[in-house]
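Chain S is fixed; fit chain A onto it per the hints.
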Amino acid sequence: MQLLLQRIFDGVSDGAVYASIAVALVLIFKATTLINFAQGEMAMFGAFFAYIFAVQSGILDFLGNQYLIIWVAAIIAMVLSAGVGITIERTLTRPFDPEDHLPVVLITLGLFLGINAIAGIIWNYQARVMPAMFPNGSDDKVVIFGARLFYDTIGTIVTLGVVLYILFIILNKTKMGLAFRAVSANVESARLVGVRTGRVLSFGWALASAFGALGAVIVAPRITLQPSMMAAIVIYAFAAAAVGGLDSVGGAAIGGMIVGLTKSLGNGYLGSWHFGLEHPPLEFLPATPLLIPVLILLAVLWFKPSGLFGTKRIERV
Amino acid sequence: MFPIVVERGSSKHRTHMMILMAIVLVILIAVAFILPEYQVGRVNRMWAMAIAIMGLNLVLGYGGLFALGHSAFIGLGAFVTAWLVQDLRFDYWMVIPFSMAASFAFGSLLALPALRIKGLYLVVITIAVAVVFPSLAKIETFGIAEKTGGANGRIIDEKVIPTGLGKALGFSETEPARYRYFLIVAMVLVVTFAVRNLLNSRAGRAIIAIRDNETGAAVSGVNLVRQKVFTFGTSAAMCGLSGTILALDKGFVAEQDFLFPLAVEMLVGLVIGGVATLGGAFIGAFVIVFVKEFSKNVNIDFGLFVLDGKGPFSALIFGVILVIVTFFLPRGIVGSLKPTFMQRVYRIDPKAPSLPENLTRLS
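Taken in sequence, the protein lines are chains S and A.
Residues in the first sequence are numbered from 2 upward in steps of one, following my numbering.
Residues in the second sequence are numbered from 485 upward in steps of one, following my numbering.
Chain S on its own, in the form it takes in the complex (with noise of 0.2 Å):
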């Protein structure tokens, strides 16, 4: 009992990261019909954008409130994330329809590349540490039934909470929000009705840095900040977007859950099994992590080709 509750409290305690980036990919999938490869590098820079605020500038020597002023910087992050996010819209991703994927997967892939290797650049691949959002010391937890569940994690369910929510606000009550969803049904449709596209493209760009850049900020204390740290979170939230449907904001955040707790129990029961042989074949193994939630994405895909919530393409003959 302690060892399941601990295992699921691991579980949406990662869950709700992948969930973070996956929305962030499938805002941009729903506003453009692509994926956008380099979603973890610029979640990445936007938490080194929080960095250097926060830390490098010495605020957070100066004025020691940390949890404030880490929340200011994430907010600033998160800003300076979306000017990024309209930025490569504009000037990349525009020219090209989203329909042929060759285009646009290659040039995600570029950013992929490019981001990752300029931050490379800068700041090298050593590891620094990242102040915690939310109270993360050893004994900031509840002990229910003997299992512990940090105040960290507790954080992260409750920021994603919100950031669900005020998205729900504002692709439901917004005139943009509406302007957005009618992108995403239809381009031509929206683009007929008087809906400046363009705008709405950038629009959804832009939320999704911002969000991708909240969830890589909230991440790095966890796993220290580092221009490749996104590499063992990115690929969970592709398959927590793809489990979910790419289309599908609310899925997302579900696949991640379902990723985050996949990975946890799977890792923490599979891995230890012997199958009958002398050892168990997957204990310690870093590949189990990622083989369960594969596997799952493999056998969800393979019923439901659109994911879970995802909206069926019908193609016309």
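Certain hints may be false.
[Claimed, not checked] Only pairs whose alpha carbons sit at most 30 Å apart, straight line, appear in this in silico DSS-like list of lysine-lysine: (1) K176(S) / K313(S); (2) K631(A) / K602(A); (3) K602(A) / K313(S); (4) K643(A) / K776(A); (5) K776(A) / K734(A); (6) K305(S) / K734(A).
Honestly, the hints are just simulated from the structure, not real lab data.
Same frame as chain S, but now just chain A:
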């Protein structure tokens, strides 16, 4: 003078093709003797990458299936090679059918999800496979890690060095790269002609038909399942061959050599050369091997930061290349130059076959 009009299949056309092939052969042979030994080793790596890129091209360029996980097939080919040569004491040439068969099987397996999963979802799946694969090589059970070398990599003792016939032809044992060069070039030529013929055959036309219009192809009698599995498998088998060549040429396999970035490099090579062109693979392979070597030797101090071979400089170049090529050369070098060349220099205009004498044309 221009355009030169040559009829396809005429004796003039044949002469031109013969001259062209002779020039290519002379260049191929000359390269091995002009370049120093260590450079020939790099050229060998380039040939191996060219085969792999041709394999990727089959699925992505001609088949229109967006798969990005081909580094796993190269890795499988290399690991199978290491295992067979090292543990089972196979001769190196006997390894090739086995490594190709293993990769073919793995590729066909991956083709099954591709039957249902389309577009960007397929990209995600294949990336996931490429990311998982290297760590699968480290599994301790079933002696997998022992066979692949696990995290430390594995040395292949049995080197490809000139023996009997090779020695008789004048290759020395101290310069094995030069000897390997000719073996590899022979394989490259065979693979290139095989792919060319495949694309001109019934199967190749079916592959392209599926890319252009899946429903249309199915209606015209193409067996989609069989054709897709075959395409994926063949493509994977070519990558497996490439893995064998890489392993035997380097004499060492390690899972770090088959990470996801290798798949991205192949994609970079493919798009520089030209998607859905045969010759593009060679230009692409040349560019990626050249860029990697070039970026290793760069050392520029910008004060704030240093650009040198240890850093991610080659990744930066690849990223910039991807963006620039997509913007300014969307069909790649070969894809952009070939139509211009064909218009200005060559106009192939085959004559319609004449009717047999006992038939008269209606109308």
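Practice problem: Would you mind confirming whether the straight-line C-alpha gap from K631(A) to K602(A) stays at or under 30 Å? | Solution: 35 Å, violated
Quiz item: Does the structure keep K176(S) and K313(S) at a Cα separation of 30 Å or less?
Solution: 26 Å, holds
Quiz prompt | Restraint check for K643(A) with K776(A), where alpha carbons must lie at most 30 Å apart | solution = With a Cα-Cα distance of about 25 Å, the restraint between K643(A) and K776(A) holds, given a limit of 30 Å.
Practice problem: Take the C-alpha atoms of K776(A) and K734(A), compute the straight-line distance between them, and say whether it is at most 30 Å. | Solution: 16 Å, holds
Quiz item: Does the structure keep K305(S) and K734(A) at a Cα separation of 30 Å or less?
Solution: Given pair K305(S), K734(A) is violated - Cα atoms ~43 Å apart, limit 30 Å.
Quiz prompt | Pair hint outcome, K602(A) versus K313(S) [Cα-Cα no greater than 30 Å] | solution = 11 Å, holds
Hints 2, 6 from the list above are not met by this structure, while the remaining hints are.
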